[in-house]
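Going down the list, the sequences are from chains A and B. Counting in our numbering, the first sequence runs from 1 upward without gaps. Counting in our numbering, the second sequence runs from 1 upward without gaps.
By construction, these hints were calculated from the structure, which means they are not laboratory data. Since the structure is predicted, the reported quantities are computational estimates derived from the model, not experimental observations. Mixed in with the good hints, there may be bad ones.
[What the hints assert, rightly or not] Straight-line distance between alpha carbons at most 25 Å, and here's what the computed DSS-like set of lysine-lysine pairs gives:
| hint | chain 1 | residue 1 | chain 2 | residue 2 |
| --- | --- | --- | --- | --- |
| 1 | A | K298 | A | K373 |
| 2 | B | K7 | A | K157 |
| 3 | B | K125 | A | K190 |
| 4 | B | K34 | B | K125 |
| 5 | A | K221 | B | K7 |
| 6 | A | K160 | B | K7 |
| 7 | A | K455 | A | K298 |
| 8 | A | K10 | A | K157 |
| 9 | A | K85 | A | K160 |
| 10 | A | K10 | A | K451 |
| 11 | A | K190 | B | K34 |
| 12 | A | K451 | A | K221 |
| 13 | A | K190 | B | K38 |
| 14 | A | K160 | A | K4 |
| 15 | A | K455 | A | K4 |
| 16 | A | K373 | A | K10 |
| 17 | A | K4 | A | K221 |
| 18 | B | K38 | B | K125 |
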Amino acid sequence: MQYKSQAVAKPYFIAAIGLFIGQIVFGLIMGLQYVIGDFLFPEIPFNVARMVHTNLLIVWLLFGFMGAAYYMVPEESETELYSPKLAIALFWIFLTAGALTVLGYLFVPYATLAQMTGNDLLATMGREFLEQPLPTKLGIVVVALAFLFNITMTVLKGRKTAISTVLLLGLWGLAIFFLFSFYNPHNLVKDKYYWWWVVHLWVEGVWELILGALLAFVLIKVTGVDREVIEKWLYVIITLTLITGIIGTGHHYYWIGAPEYWQWWGSIFSALEPIPFFAMTVFAFNMVNRRRREHPNKAAVLWALGTGVMAFLGAGVWGFLHTLAPVNYYTHGSQITAAHGHMAFYGAYVMVVLCIISYAMPILRGRAANSNKAQVCEMWSFWLMTVAMVFITLFLTAAGILQVWLQRVSDTPMSFMATQDQVALFYWMREWAGVMFFVGLIVYVISFFIKGETKAATQ
Amino acid sequence: MSGIFTKSMARNIFYGGTVFFFLLFLALTFDSHKEFPKRDNSQNLTPQVIAGKKIWETRNCIGCHTLLGEGAYFAPELGNVYPRRGPEFIKAWIQSQPTGTPGRRQMPQFHLSDEELDNIVAFLKYTSEINTANWPPNIEG
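With the sequences and hints as input, model every part of the structure.
Structure, rendered in structure tokens:
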């Protein structure tokens with residue numbers, strides 16, 4: 001690698017992959033609970049498994065983003081990291097806090113956990129994805145601020161590129177919008193309204209800036225295309241993202257007690273949200289086609305193309321599928337939502353983090369790219385996980401369509417649980433696709449341990 | 001996208017566009033706040049409802065159920081459970097969990113007191129009276 005301090009990215013990437021494994025294990029548990037309702041009850045009730053599944057996802061992606069920033073920013077800024085020691089200290093603090101939180105979920109009843117951790121002082125817990133106890137939330141803020149300080153100082157003392165600017169904007173936005181997790185009004189409508197300022201403005205807003213920056217960085221490295229061209233694309237993509245995505249928040253305001261004009265604002269702007277994802281796909285393929293060098297890391301190129309396609313399918317197409325208010329009236333809060341959530345998170349965020357890991361990890365381990373054998377193994381894992389995710393999404397979509405029909409459209413609507421029994425077949429198929437995903441993940445981990453001939457990193 | 005369209009133009013459109021649409025979003029939010037009192041049933045936000053919301057949160061109900069369509073999709077929608085089942089059924093149901101029926105989805109036993117049960121019912125009643133633009137499509141949620 002070019003700068004010694006980039007090495008701090010390595011533990012972040014390793015932790016990310018470790019937590020990813022945990023996330024999938026709990027996903028499999030939940031998938032089984034969908035069809036064998038009392039599986040692991042009362043040891044791990046569904047709600048606990050789900051908290052662990054979703055919180056681990058968020059935390060490992062954050063590890064991935066932070067590792068990516070520590071790797072990219074010195075190279076972009078052409079200077080050593082402001083403080084590598086701080087980066088390592090934050091790593092251990094964040095990992096410990098994350099582990100303690102998950103152990104708390106698993107071994108302490110949630111109401112007791114709330115009482116122990118000061119939820120009576122400031123009630124923030126028990127809202128989807130924001131289940132973390134108060135000390136964890138505060139810890140996230142402290143770690144995020146210290147991390148941003150470190151990264152910002154590095155950028156300020158070095159070269160300023162569009163990629164590092166966009167990355168910083170995304171990361172600052174991430175920290176700032178997280179502050180809304182501390183706002184929990186008694187009024188349920190306002191609670192929900194501002195809950196989306198964390199959730200939507202993260203995943204359909206500032207996180208996409210991070211996604212764009214990571215993808216642009218890898219594309220510059222593996223294609224050798226002129227930075228001016230790639231950075232212009234980056235600006236165009238994130239412009240499209242934010243001018244559609246900010247008002248697009250309205251697609252969450254249809255049925256929660258907000259004014260009904262949001263059905264118009266939300267439908268129109270979120271119908272445009274696939275455009276930036278489509279631009280990203282075109283961008284990735286275009287740059288790879290115009291490549292000026294054959295980078296030895298084929299796996300990283302595959303992840304870069306993959307994230308373009310899968311983010312468009314998952315976030316763009318599957319988002320559009322149920323975003324128009326008249327459609328959403330029937331699909332809101334059904335398995336259609338779950339289908340979209342799975343493929344969007346995988347395509348946009350999981351794959352881009354695996355992309356930067358795929359590119360950076362060999363260099364962090366002292367070689368330009370992994371051996372051919374290791375790369376073939378990694379590409380197998382790419383296809384196993386990606387195809388499995390396509391099937392998970394298709395089965396959940398089928399379950400969702402059936403659910404919506406039986407429970408909401410039919411002249412003789414069935415109850416929720418009676419409907420669930422009817423769609424169980426699709427839940428079984430989803431679970432098997434989940435097993436396939438897990439196999440892919442194991443293959444992915446194995447790829448790190450495959451040796452073979454490699455060229456030393458030239459840089 | 002070459003020639004006359006330069007990177008700095010793209011950057012300026014990004015900043016300009018983002019600021020414009022964020023300000024528009026804030027304006028719509030401001031207007032929504034003026035509209036909330038007509039729809040959000042806040043006149044019925046009693047101390048009992050507030051206590052009920054806290055029970056809802058600290059038992060992580062959202063980890064299995066949806067409320068106004070948001071949450072997990074493992075258990076029934078509860079935004080309209082009050083008109084669907086009525087207060088007595090809701091309390092009896094919570095108290096009788098878990099059912100222990102083999103193979104069926106299980107809800108934990110939360111050991112709520114009578115007062116806490118009344119609070120959660122009050123919260124669910126309040127929620128069911130929010131104007132949700134006629135969502136869900138029918139009583140089954």
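Hinted pair K10 of chain A and K157 of chain A, Cα distance within 25 Å: holds, 23 Å
Are the Cα atoms of K85 of chain A and K160 of chain A separated by 25 Å or less? holds, 23 Å
Does the alpha-carbon distance linking K373 of chain A and K10 of chain A stay inside the 25 Å limit? Distance ~22 Å between K373 of chain A and K10 of chain A Cα, so the pair holds.
Does K157 of chain A lie within 25 Å of K7 of chain B when you go C-alpha to C-alpha? holds, 23 Å
Straight-line Cα separation of K160 of chain A and K7 of chain B no greater than 25 Å? With a Cα-Cα distance of about 14 Å, the restraint between K160 of chain A and K7 of chain B holds, given a limit of 25 Å.
Quick one, are K455 of chain A and K4 of chain A close enough, alpha carbons at most 25 Å? Holds - the C-alpha atoms of K4 of chain A and K455 of chain A are around 19 Å apart, at most 25 Å.
Hinted pair K4 of chain A and K221 of chain A, Cα distance within 25 Å: holds, 18 Å
K160 of chain A paired with K4 of chain A [C-alpha distance capped at 25 Å]: holds, 19 Å
Straight-line alpha-carbon gap K451 of chain A to K221 of chain A, limit 25 Å: holds, 23 Å
Please work out if K38 of chain B and K125 of chain B have their alpha carbons no farther apart than 25 Å. Cα-Cα ~17 Å, so holds.
CA of K455 of chain A to CA of K298 of chain A, is that 25 Å or under? Given pair K455 of chain A, K298 of chain A holds - Cα atoms ~14 Å apart, limit 25 Å.
Does K34 of chain B pair with K125 of chain B here, judged by a C-alpha cut-off of 25 Å? holds, 24 Å
Of the numbered hints given earlier, the model fails none.
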